[in-house]
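Dock chain S against chain Y, hints included.
Number of protein chains: 2
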Amino acid sequence: MHIPASDYPRIVIVGGGFGGVTLSRKLTQHKYQVVLIDRHNYHTFQPLLYQVATSGLEPDSIAFPLRSVPDENDHYIFRMAEVEAVDQKSNTISTSIGAIHYDHLILATGTKTNFFGNEKIERNALSMKSVPESLDIRSLMLQNLEKATITDNEKEQRKLMRIVMSGAGPTGVELSGAFAEFKKGILSSDYPDLNPDWMEIILLDGSDRVLSSMSEKASKKAEKYLKELGVTVMLDEMVIDYEDDVVSTKSGKEIDTATFIWSAGVTGNAPDGFSDDQLSEKGGRLLVDLFNKVKGTDNVYAVGDIALMKTDDYPDGHPQVAQPAIQQAQNVASNFARISKGKEPKPFSYFDKGSMATVGRNRAVADIKGFTLGGFWAWFAWLGVHLYFLVGVRNRIVVFLNWIYNYFNFDRAARLIIRPYKKETTAQAVSEITD
Amino acid sequence: MHIPASDYPRIVIVGGGFGGVTLSRKLTQHKYQVVLIDRHNYHTFQPLLYQVATSGLEPDSIAFPLRSVPDENDHYIFRMAEVEAVDQKSNTISTSIGAIHYDHLILATGTKTNFFGNEKIERNALSMKSVPESLDIRSLMLQNLEKATITDNEKEQRKLMRIVMSGAGPTGVELSGAFAEFKKGILSSDYPDLNPDWMEIILLDGSDRVLSSMSEKASKKAEKYLKELGVTVMLDEMVIDYEDDVVSTKSGKEIDTATFIWSAGVTGNAPDGFSDDQLSEKGGRLLVDLFNKVKGTDNVYAVGDIALMKTDDYPDGHPQVAQPAIQQAQNVASNFARISKGKEPKPFSYFDKGSMATVGRNRAVADIKGFTLGGFWAWFAWLGVHLYFLVGVRNRIVVFLNWIYNYFNFDRAARLIIRPYKKETTAQAVSEITD
Numbered sequence: 001m002h003i004p005a006s007d008y009p010r011i012v013i014v015g016g017g018f019g020g021v022t023l024s025r026k027l028t029q030h031k032y033q034v035v036l037i038d039r040h041n042y043h044t045f046q047p048l049l050y051q052v053a054t055s056g057l058e059p060d061s062i063a064f065p066l067r068s069v070p071d072e073n074d075h076y077i078f079r080m081a082e083v084e085a086v087d088q089k090s091n092t093i094s095t096s097i098g099a100i101h102y103d104h105l106i107l108a109t110g111t112k113t114n115f116f117g118n119e120k121i122e123r124n125a126l127s128m129k130s131v132p133e134s135l136d137i138r139s140l141m142l143q144n145l146e147k148a149t150i151t152d153n154e155k156e157q158r159k160l161m162r163i164v165m166s167g168a169g170p171t172g173v174e175l176s177g178a179f180a181e182f183k184k185g186i187l188s189s190d191y192p193d194l195n196p197d198w199m200e201i202i203l204l205d206g207s208d209r210v211l212s213s214m215s216e217k218a219s220k221k222a223e224k225y226l227k228e229l230g231v232t233v234m235l236d237e238m239v240i241d242y243e244d245d246v247v248s249t250k251s252g253k254e255i256d257t258a259t260f261i262w263s264a265g266v267t268g269n270a271p272d273g274f275s276d277d278q279l280s281e282k283g284g285r286l287l288v289d290l291f292n293k294v295k296g297t298d299n300v301y302a303v304g305d306i307a308l309m310k311t312d313d314y315p316d317g318h319p320q321v322a323q324p325a326i327q328q329a330q331n332v333a334s335n336f337a338r339i340s341k342g343k344e345p346k347p348f349s350y351f352d353k354g355s356m357a358t359v360g361r362n363r364a365v366a367d368i369k370g371f372t373l374g375g376f377w378a379w380f381a382w383l384g385v386h387l388y389f390l391v392g393v394r395n396r397i398v399v400f401l402n403w404i405y406n407y408f409n410f411d412r413a414a415r416l417i418i419r420p421y422k423k424e425t426t427a428q429a430v431s432e433i434t435d
Numbered sequence: 001m002h003i004p005a006s007d008y009p010r011i012v013i014v015g016g017g018f019g020g021v022t023l024s025r026k027l028t029q030h031k032y033q034v035v036l037i038d039r040h041n042y043h044t045f046q047p048l049l050y051q052v053a054t055s056g057l058e059p060d061s062i063a064f065p066l067r068s069v070p071d072e073n074d075h076y077i078f079r080m081a082e083v084e085a086v087d088q089k090s091n092t093i094s095t096s097i098g099a100i101h102y103d104h105l106i107l108a109t110g111t112k113t114n115f116f117g118n119e120k121i122e123r124n125a126l127s128m129k130s131v132p133e134s135l136d137i138r139s140l141m142l143q144n145l146e147k148a149t150i151t152d153n154e155k156e157q158r159k160l161m162r163i164v165m166s167g168a169g170p171t172g173v174e175l176s177g178a179f180a181e182f183k184k185g186i187l188s189s190d191y192p193d194l195n196p197d198w199m200e201i202i203l204l205d206g207s208d209r210v211l212s213s214m215s216e217k218a219s220k221k222a223e224k225y226l227k228e229l230g231v232t233v234m235l236d237e238m239v240i241d242y243e244d245d246v247v248s249t250k251s252g253k254e255i256d257t258a259t260f261i262w263s264a265g266v267t268g269n270a271p272d273g274f275s276d277d278q279l280s281e282k283g284g285r286l287l288v289d290l291f292n293k294v295k296g297t298d299n300v301y302a303v304g305d306i307a308l309m310k311t312d313d314y315p316d317g318h319p320q321v322a323q324p325a326i327q328q329a330q331n332v333a334s335n336f337a338r339i340s341k342g343k344e345p346k347p348f349s350y351f352d353k354g355s356m357a358t359v360g361r362n363r364a365v366a367d368i369k370g371f372t373l374g375g376f377w378a379w380f381a382w383l384g385v386h387l388y389f390l391v392g393v394r395n396r397i398v399v400f401l402n403w404i405y406n407y408f409n410f411d412r413a414a415r416l417i418i419r420p421y422k423k424e425t426t427a428q429a430v431s432e433i434t435d
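These protein sequence lines map, in sequence, to chains Y and S.
Residue 1 is where the first sequence starts when you use full-length UniProt numbering, and the numbers rise one by one after that.
Residue 1 is where the second sequence starts when you use full-length UniProt numbering, and the numbers rise one by one after that.
Calculated directly from the structure, the hints in this document are not laboratory data.
Where hints are given, some of them may not hold.
Label-pair ranges, simulated between beta-carbon atoms [as the list claims (entries may be wrong)]: (1) Glu119/S <-> Asn153/Y: 38 to 44 Å; (2) Asp256/Y <-> Lys184/S: 51 to 57 Å; (3) Lys282/S <-> Ile404/Y: 49 to 55 Å.
Calculated pairs, SDA-like style, for lysine to any residue (alpha carbon to alpha carbon, straight line, at most 20 Å) [what the hints assert, rightly or not]: (4) Lys155/Y <-> Ser90/Y; (5) Lys422/Y <-> Asp298/S; (6) Lys341/S <-> Asp298/S; (7) Lys422/S <-> Ala81/Y.
Going by beta-carbon spacing under 7 Å, a handful of chain S positions derived as facing chain Y [claimed, not checked]: (8) Tyr42; (9) Ala381; (10) Arg415.
Yeah, the Cβ is synthetic: ideal placement off N, Cα and C, and Gly gets one too.
Just chain Y, with the same shape it has in the complex:
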């Protein structure tokens, strides 16, 4: 790979998510050559992907060009490439555009969708880890509504209008709430010849509650909000198959649907080249010490969802959300600065700012310092927090104005089928790009 020469030691960062962006911004302020590698040329603000999928926002307002991340870019280099493997012995990584040598390597590659080995679900379901995948969801839902208008077979119409999601974590909850709002705000005005009752939104989960990573109180509230919005919540229902437009569960239920979205699990997205004792037994995460250094290495780090740091407070590691990624990246960056000044690095300690999920307009839940908030104020706090963490001033303004517009007009203006979703070809193309 062609990289300009530099007198500074080279830090290669893989992945332009929350961790990678934070690291790039901080490390370029010090005497390092910083090389950021990502398969896309933009940062994706994953918490708002569901609004792209449900026609509320356009991709550009939740994406940010990775080339423009640091203010100072004298010793910042971005390369769009797929990282294949790490060679820990020669301090080299191999990528789709050639090999690159590192003095220090930081992996911030996050997670990918976990289908738990079920190939049929992997082949037939949609998932939502990237912008192209969320646009596929948008296109398929709108295409299915178009198809529903040209048949007068009730069973077929119901199948085309029904949306089923497996996995009631934040993604499943936020998506199903947003689909329910699409149904309320758009369906009867845009599709006067469809029976709105036939657009069923069904959220399944194998556990006994929604948002199982949050407090029980928050789960209860979220479930209540979902039901108020008209979402059918089915708990203790493990999906075991999806084929020929039928979702099957372990308990024997069968649900006809042309739109099935899988958000029931993730697994670490580590490149090849790590041994079994460097990886966690479950979840494919890289084991790191309190300085985010990967087990058994001197110059390889991992931050965020891909890293598993076992502490007394978090014996199973930190939650796989934005905050630990951002905070670990900040700590690693400041340790590099300390080392370059001859100081000792500091171990990581996590400051839990709480967690939140939104269900719909005026309806969200938040767990903050042992308290559970719900309703309008939690929703309002959710808006503020998401605007704050969105990358780029322009993006904040555009998202804010879109939200105001959508709020007062009950509208979803981006209901456009720009690239029609085609099962085989698109699924292949997307997996080439995103996996």
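Frame of chain Y, contents of chain S only:
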């Protein structure tokens, strides 16, 4: 095709451009069942496609859902379908989703890119008649810049950075101006390791001036503005081939480029089923009388770019731009209203509001009532006119704010490669969708 029954006579409109949208809005106010058919589920504001192609705007701000076009939608029906042929005897059209009977048919299908039979250019060049095509241009240009950063071969870098356009009508002029601004505003900050001088923007035309449909004075001014922005304008140069990344002209010039955009001609986009004497000899347009009725028919109309109405003032037909389409659609709609009230229809008369093209910030040209305007005020008028004719209040606000942001920041925020452009597959997919 499944269409709800109605007591009103059925008017089928094919094409949701300026003509189709105007017709749908007006005709739904009267006692007709209005069926609008388009291959996309959205109206495309074509005059701003070039800003999507050059990362200035996102698709949703220049597209509008066709299902939401009329305020009254009691007897409005939209169907997303490809129209294949018209059977004038049985008053039926066949489409990709089945046949539909009409009492009256109005064709507003516009034009498609004309490659004048050159299959190599058709296969290898990009064109820009739709949103997916303009996104392909954006992706390809950005992918080529990414590729340029990973080679140190100067010839290869220059080829990857050079952008060549054939056809200096409004599309070619506006595109090349916007690329020149991208180069000025973005290139050196985003790609510090590329030599900005190597990003050459070349605009070719077979005639002896740019904007040959406008006044000579406007052409001169536009050419001057293009040169000020750093665009290389080559006139009297007819492109005859594009293969293996080389553009060849009739005079023997050869230009290496990985990005070649063809905007050198259009031809009418008429469905099958019309006889040779109903079509114009050149340009594939449907011959219509002063009431926009297609020659030899009683209930088939054509409006806008697809229609050719020969008048004393316009012996070769009206210009193929938005205004004649909108005005003809208004006249046809008001004639339907008159007929339903037992009144005589009125012949069409064109009110020429002038024509304009923009080259870049503060630089545009306009021909209005025999006067030629240039510079800031023409540019300012261009902004106003385009905001006025953009469909949808939200779109106007979003575009306006994006323009203000881009103007003050010299930015192009949407420089994202969402769907990488792949020559074979995308070209096939696009032609399935758009042709």
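Here's how the hints hold up against the structure:
Take Glu119/S and Asn153/Y: their Cβ atoms lie about 43 Å apart, and the range 38 to 44 Å holds. Distance hint check for Asp256/Y and Lys184/S: the Cβ-Cβ separation is about 55 Å, which falls inside the suggested range of 51 to 57 Å. Taking the beta carbon of each, Lys282/S and Ile404/Y are about 50 Å apart, inside 49 to 55 Å as hinted. Between the alpha carbons of Lys155/Y and Ser90/Y the distance comes to roughly 60 Å, so the proposed pair goes past 20 Å and is violated.
Proximity of Lys422/Y to Asp298/S is assessed by CA-CA distance (about 41 Å); at most 20 Å being required, the pair is judged violated. The hinted pair formed by Lys341/S and Asp298/S meets the criterion: a straight-line CA distance of about 19 Å does not exceed 20 Å. Only pairs whose Cα atoms come within 20 Å are accepted, and Lys422/S paired with Ala81/Y is accepted, the gap being roughly 16 Å. Hint on Tyr42/S holds. Least Cβ distance to chain Y is approximately 5 Å, under the 7 Å limit.
With 7 Å as the threshold, the beta carbon of Ala381/S stays out of range of chain Y, its nearest partner Cβ sitting at about 26 Å, so the hint is violated. For the restraint placing Arg415/S at the interface with chain Y, the shortest Cβ-Cβ distance is roughly 5 Å, inside the 7 Å limit, so the hint holds.
This entry does not satisfy hints 4, 5, 9, going by the numbered hints stated previously.
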